[in-house]
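Construct the complete structure from the given sequences, taking the supplied hints into account.
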Amino acid sequence: MDVTGKEMVLNRKAMAQKKVDKIKSGLSAFAESKEVSELIRKQLAKEGIAVHEDVTEVGSWFIPGEREVTQ
Numbered sequence: 050m051d052v053t054g055k056e057m058v059l060n061r062k063a064m065a066q067k068k069v070d071k072i073k074s075g076l077s078a079f080a081e082s083k084e085v086s087e088l089i090r091k092q093l094a095k096e097g098i099a100v101h102e103d104v105t106e107v108g109s110w111f112i113p114g115e116r117e118v119t120q
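With the sequence shown counted from 1, adding 49 to any position gets you the numbering used here.
Calculated from the structure, these hints are not laboratory results. Some hints could be false.
[Claimed, not checked] The list that follows gives simulated cross-link-like pairs (lysine to aspartate or glutamate, DMTMM-like), each with its CA atoms no further than 20 angstroms apart:
1) 67 / 103
2) 91 / 102
3) 67 / 84
4) 71 / 84
5) 71 / 81
6) 62 / 102
7) 71 / 102
8) 95 / 84
9) 67 / 102
10) 62 / 87
11) 91 / 81
12) 71 / 96
13) 73 / 102
14) 71 / 103
15) 73 / 87
16) 62 / 96
17) 95 / 106
18) 71 / 87
19) 62 / 84
20) 83 / 102
21) 73 / 103
22) 67 / 87
23) 83 / 70
24) 95 / 70
25) 83 / 106
26) 62 / 81
27) 73 / 106
28) 91 / 70
29) 67 / 81
30) 67 / 96
[Claimed, not checked] Just the calculated beta-carbon pair ranges, DEER-fashion:
31) 97 / 59: 26 to 32 angstroms
32) 112 / 66: 16 to 22 angstroms
33) 114 / 60: 24 to 30 angstroms
34) 73 / 103: 14 to 20 angstroms
No residue lacks a Cβ here, since even glycine has one placed at the ideal position from N, Cα and C.
What follows is the structure, given as structure tokens:
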């Protein structure tokens, strides 16, 4: 529960889709979890969207408009 007393439910698929939409609009997106990063990768591959992915210790940056780089 959060400070309001309500449970917080994170929908990782919805979170990943919002980030994919952001990438499609030409903006970079950051994902902190490996699960969300994988969902983003799968959706980008499905839609044929090329990005550069910069994997760091704290998460992954997805930068649009460059050749896809696999790690």
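Results for each hint:
As the CA atoms of residue 67 and residue 103 are separated by approximately 19 angstroms, the hinted pair is consistent with the 20 angstroms bound. Under the criterion of a C-alpha separation no larger than 20 angstroms, the hint pairing residue 91 with residue 102 is consistent with the structure, at around 13 angstroms. Under the criterion of a C-alpha separation no larger than 20 angstroms, the hint pairing residue 67 with residue 84 is consistent with the structure, at around 14 angstroms. The suggested pairing of residue 71 with residue 84 holds, with an alpha-carbon distance near 18 angstroms, which does not exceed 20 angstroms.
Our distance criterion of 20 angstroms between C-alpha atoms is met by residue 71 and residue 81, whose separation comes to about 16 angstroms. At most 20 angstroms may separate the alpha-carbon atoms for a hinted pair to count; residue 62 and residue 102 meet this at roughly 19 angstroms. For the given pair, residue 71 sits about 14 angstroms from residue 102 by alpha-carbon distance, which is consistent with the 20 angstroms threshold. Distance check on the hinted pair: residue 95 and residue 84 sit about 17 angstroms apart at the alpha-carbon level, within 20 angstroms; holds.
This hinted pair checks out: residue 67 and residue 102 have alpha carbons roughly 17 angstroms apart, not beyond 20 angstroms. As the CA atoms of residue 62 and residue 87 are separated by approximately 10 angstroms, the hinted pair is consistent with the 20 angstroms bound. At most 20 angstroms may separate the alpha-carbon atoms for a hinted pair to count; residue 91 and residue 81 meet this at roughly 16 angstroms. Only pairs whose Cα atoms come within 20 angstroms are accepted, and residue 71 paired with residue 96 is accepted, the gap being roughly 14 angstroms.
Pair hint residue 73 plus residue 102 holds up; C-alpha atoms about 14 angstroms apart against a cutoff of 20 angstroms. Proposed proximity of residue 71 and residue 103 is supported: the alpha carbons are some 16 angstroms apart, at most 20 angstroms. A distance of roughly 17 angstroms separates the Cα atoms of residue 73 and residue 87; the hinted pair therefore holds under the 20 angstroms criterion. Annotation: proposed proximity of residue 62 to residue 96 holds, straight-line Cα distance about 15 angstroms (limit 20 angstroms).
A hinted pair counts as satisfied when its Cα atoms are at most 20 angstroms apart, and residue 95 with residue 106 does not qualify at roughly 26 angstroms. As the CA atoms of residue 71 and residue 87 are separated by approximately 16 angstroms, the hinted pair is consistent with the 20 angstroms bound. Restraint check for residue 62 and residue 84: satisfied, since their Cα atoms lie roughly 9 angstroms apart, inside the 20 angstroms limit. Using a Cα cut-off of 20 angstroms, the hinted pair residue 83 and residue 102 holds, with the two alpha carbons roughly 13 angstroms apart.
Between residue 73 and residue 103 the alpha-carbon distance is near 17 angstroms, which keeps this suggested pair within the 20 angstroms criterion. A C-alpha spacing of about 14 angstroms is found between residue 67 and residue 87, which places the hinted pair at or below 20 angstroms, so the restraint holds. The hinted pair formed by residue 83 and residue 70 meets the criterion: a straight-line CA distance of about 19 angstroms does not exceed 20 angstroms. Between residue 95 and residue 70 the alpha-carbon distance is near 13 angstroms, which keeps this suggested pair within the 20 angstroms criterion.
A hinted pair counts as satisfied when its Cα atoms are at most 20 angstroms apart, and residue 83 with residue 106 qualifies at roughly 11 angstroms. About 14 angstroms separates the Cα atoms of residue 62 and residue 81, which keeps this hinted pair within 20 angstroms; it holds. This hinted pair does not check out: residue 73 and residue 106 have alpha carbons roughly 25 angstroms apart, beyond 20 angstroms. Using a Cα cut-off of 20 angstroms, the hinted pair residue 91 and residue 70 holds, with the two alpha carbons roughly 13 angstroms apart.
Note on residue 67 and residue 81: the hinted pairing holds, with a Cα-Cα distance of about 14 angstroms set against a maximum of 20 angstroms. For a cut-off of 20 angstroms, the pair hint linking residue 67 to residue 96 stands: about 14 angstroms separates their Cα positions. Checking the proposed 26 to 32 angstroms range against residue 97 and residue 59 shows it holds: the Cβ atoms sit about 28 angstroms from each other. Distance hint for residue 112 and residue 66: a CB-CB separation of about 18 angstroms, consistent with the stated range 16 to 22 angstroms.
Checking the proposed 24 to 30 angstroms range against residue 114 and residue 60 shows it holds: the Cβ atoms sit about 28 angstroms from each other. Between residue 73 and residue 103 the CB atoms are about 18 angstroms apart, so this pair conforms to the stated range of 14 to 20 angstroms.
In this structure, the hints that do not hold are numbers 17, 27, in rising order.
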